[in-house]
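**Q** For reference, the chains in residue letters:
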Amino acid sequence: MTTHTISVRLENKPGALARVSQLFSRRGYNIQSLAVGPTERPDISRLTLRVDCSENSLEQIEKQMHKLVNVLRVTELSADESIERELALITVAVAADKRPELVALSQVAGARVADIGRDSITFELVGRPDQVEAFEELVRPYGVRELVRTGRVGLRRPSAAGRAGTPAVQV
Amino acid sequence: MLGSDAILRCLELEGVEVCFGIPGGAILPTYDAIARGTTVRHVLARHEQGAGHMAEGYARASGRVGVAIATSGPGATNLVTPIADAWMDSTPLVCITGQVRSSLIGTDAFQEIDATGITMPIVKHSWLVQDVEELPRVMKAAFHVAQTGRKGPVLVDVAKDVQEAEFDFVYPDHVDLPGWKPPHKVHPRQLQEAARAIVEAQRPIVYAGGGVLNADACDELLELVDSAQLPAVVTLMGKGCLPDSHPRNYGAPGMHGSKFANWALNKSDLVIAVGARFDDRVTGKVSAFAPGAKVIHFDIDAAEVGKIRHAEIPVVGPLKLGLAQLAGEVRAAAADGAPDRSAWLRQLEDWREQFPFRYDKGDGALKPQVVIEALRDLAARRDEDVIWTTGVGQHQMWAMQYIQCEQPRTFITSGGLGTMGYGIPAAIGAKAARPDATVVCIDGDGCFQMTCQELATAALERLPIVAVIINNGWLGMVRQWQELFYDERFAQTHLTHAVPNYAQLAEAYGCAGFTVETEDELEPALTAAFAAGRSAVVDVRCDAEEKCFPMIPAGAAAVDVIEAPGGEVVSV
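Heads up: the sequence lines are chains G and V, in that order.
FYI, the numbering for the first sequence is 83 to 253, going by the working numbering.
FYI, the numbering for the second sequence is 2 to 573, going by the working numbering.
Only chain G is shown next, with the shape it has when bound in the complex:
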């Protein structure tokens, strides 16, 4: 069992997302995260799914999804050939005297302050999923009040076109 990222180009039609998600529940596949949004074309959406499954099940998922009338294209995004990003909003409890320390820490981690309250700060962080997780761990000792992640979105690297293997530069 490994985790896979699947990218789906989908017709932007009523019920299209429901058809994809019901296929997963119906066939017993577990979705870790699902992000959906518009693309360069208004009539097409892109879904990025994180799924826990075996290689064999992944093939089944792709084939079953291809049979959905609204699904235009299904591709697996392999870690080394794709860019994957996630956005997280994290509200961290913080007393006034600890604020400078926490803000400095967040800046090092690449997060931005989105809002400051009397006893808490909300940070926004865009980054690779592992960076988001690292930041979450970093601020956890202060007390995480609320947290939301978009789930990852991904695209194939243009630099990976036409060749196999790991790209030389990993941004």
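I should point out that these hints are in silico values taken from the structure, not numbers from a laboratory.
Careful, some of the hints might be misleading.
Chain V residues, not near chain G, derived (Cβ > 12 Å throughout) [to be verified]:
| no. | residue |
| --- | --- |
| 1 | V81 |
| 2 | A333 |
| 3 | R359 |
| 4 | E385 |
| 5 | W482 |
| 6 | F491 |
A few chain G residues facing chain V, derived, Cβ under 8 Å [to be verified]:
| no. | residue |
| --- | --- |
| 7 | E93 |
| 8 | A100 |
| 9 | R101 |
| 10 | E141 |
| 11 | Q142 |
| 12 | K145 |
| 13 | K149 |
| 14 | V151 |
| 15 | N152 |
| 16 | V153 |
C-beta: ideal position from N, C-alpha, C; glycine also.
Here the structure of chain G is known, so what remains is to put chain V in place on it, guided by the hints.
**A** Structure of chain V alone, referenced to chain G:
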């Protein structure tokens, strides 16, 4: 034109001759359009489930798309079972349901149900039409999707105000479905590989399923089987795709298939699966299924290939084209000489002789197998084609074992979903498709009671069928499992032989009714039923204790067959 009239024009333009349905509030405008006139014959069912199974029977007998029409809410939910049945057995179906007015959708209005939502996991695609301008495009797409690629059901849910709306009707001449691209050809390298494997195999076996019938590829299959001298097993859903009298047709494998068919698969070194999907009722324990065999899996649906059993040689594409090409490739590959397979073919013949279907006729109550053999022999003496339908259970398995089918589309049954009550309405639909044929439903008493109200449809629509009830007074297959696996605790399976009085019930529905209690009465009653000139029901009181054998217990290896009434497991 009104949306309602447009629906009928679409049906006419798609070449639909018959549809099956029942009116109700949200579909009333479309029935008003039927009243205004159409070339499509509407068969009025007594329950939407019946309408759906009739459309299925029509589709399976004719090879065309079946059309069922129902209203919103309960009309749509009653269609769910036939839609699921068509989904499991890949039967092309277009279901048209009325929906409440657009302004009421989402308000829990009277008879409102989310029909597209409820059916989402069991349709190839569905549409909720809320704009009349969309209607022709949707109808065109619905018929296209139902019958291209792997066949199956689609649903078109039409809001009542759309049916009432006025617009300029234009039927599109092509579909615009960028995401729907079923394969239209077969990869030549896969075919060559398959051909080489077939030529090299010592103990090959063709495993043909319902996909062959759906693809109208029976002639091509026969050509392959004959040119390469291949033996074949044919699943329940495929029955009729290869003549049952063909010398190398070893019939149905699986839970109640013959021992020789199961052994043929088990001992083969090459399984050539054609339009079959390695259903658990065929394979038994998958890890013990054909353990020494390579698999060629030939299917229109890529998702079936490798789903259950790894296929060494996957061949995805349309069977009709692909099988014809494969036969050619096999001939070319065999030019250098094929291996001598006479030992394998002789072995299969030996098994067939050694392990025929058998039962003990006894001298007590009438055995169900006697009834089915009598029907088979009666049908063989008739000039016209006989089309068989069945319910689900013991009688269905005996029909699979004993009925001889020489023609495609003459054995119509519910395989994947196992829908009790399928037989009577499916027979009516088959009769609508093939008025020239005699349509016989071999039914169980439990199944019969689930949809017997459709006898009214058969009588009044002049679609005469013969229903033969293998009446053992029990939910026989369930009883068999209770006897074998639940220590004979017969919980809630006893229906009794005599309630209802089936012959009287038949008469009440305007059909001829017969009751048979002894073997002497059997043939005269069946002959009279065939000659009744109207629908007939023959209630044959059978032995309640007769069980269907051979039987592979669920989850057991296909070779671990319970062969005889003694119940002993005999392994190879």
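**Q** Against this structure, judge whether each hint is valid.
**A** Hints versus structure:
1. V81: holds (15 Å)
2. A333: V:A333 is indeed farther than 12 Å from all Cβ atoms of chain G, at 31 Å.
3. R359: Check passes; 41 Å lies beyond 12 Å.
4. E385: Nearest chain G Cβ is 39 Å from V:E385, so the label holds.
5. W482: holds (26 Å)
6. F491: holds (34 Å)
7. E93: With a minimum Cβ separation of about 6 Å from chain V (threshold 8 Å), the hint on G:E93 holds.
8. A100: holds (7 Å)
9. R101: Constraint on G:R101 satisfied, holds at 6 Å.
10. E141: Check passed: Cβ of G:E141 comes within 7 Å of chain V, closer than 8 Å.
11. Q142: holds (6 Å)
12. K145: holds (4 Å)
13. K149: Given a least distance of 6 Å, the restraint on G:K149 holds.
14. V151: holds (4 Å)
15. N152: This interface hint holds because 5 Å falls under the 8 Å limit.
16. V153: holds (5 Å)
The structure fails none of the hints (numbered hints given earlier).
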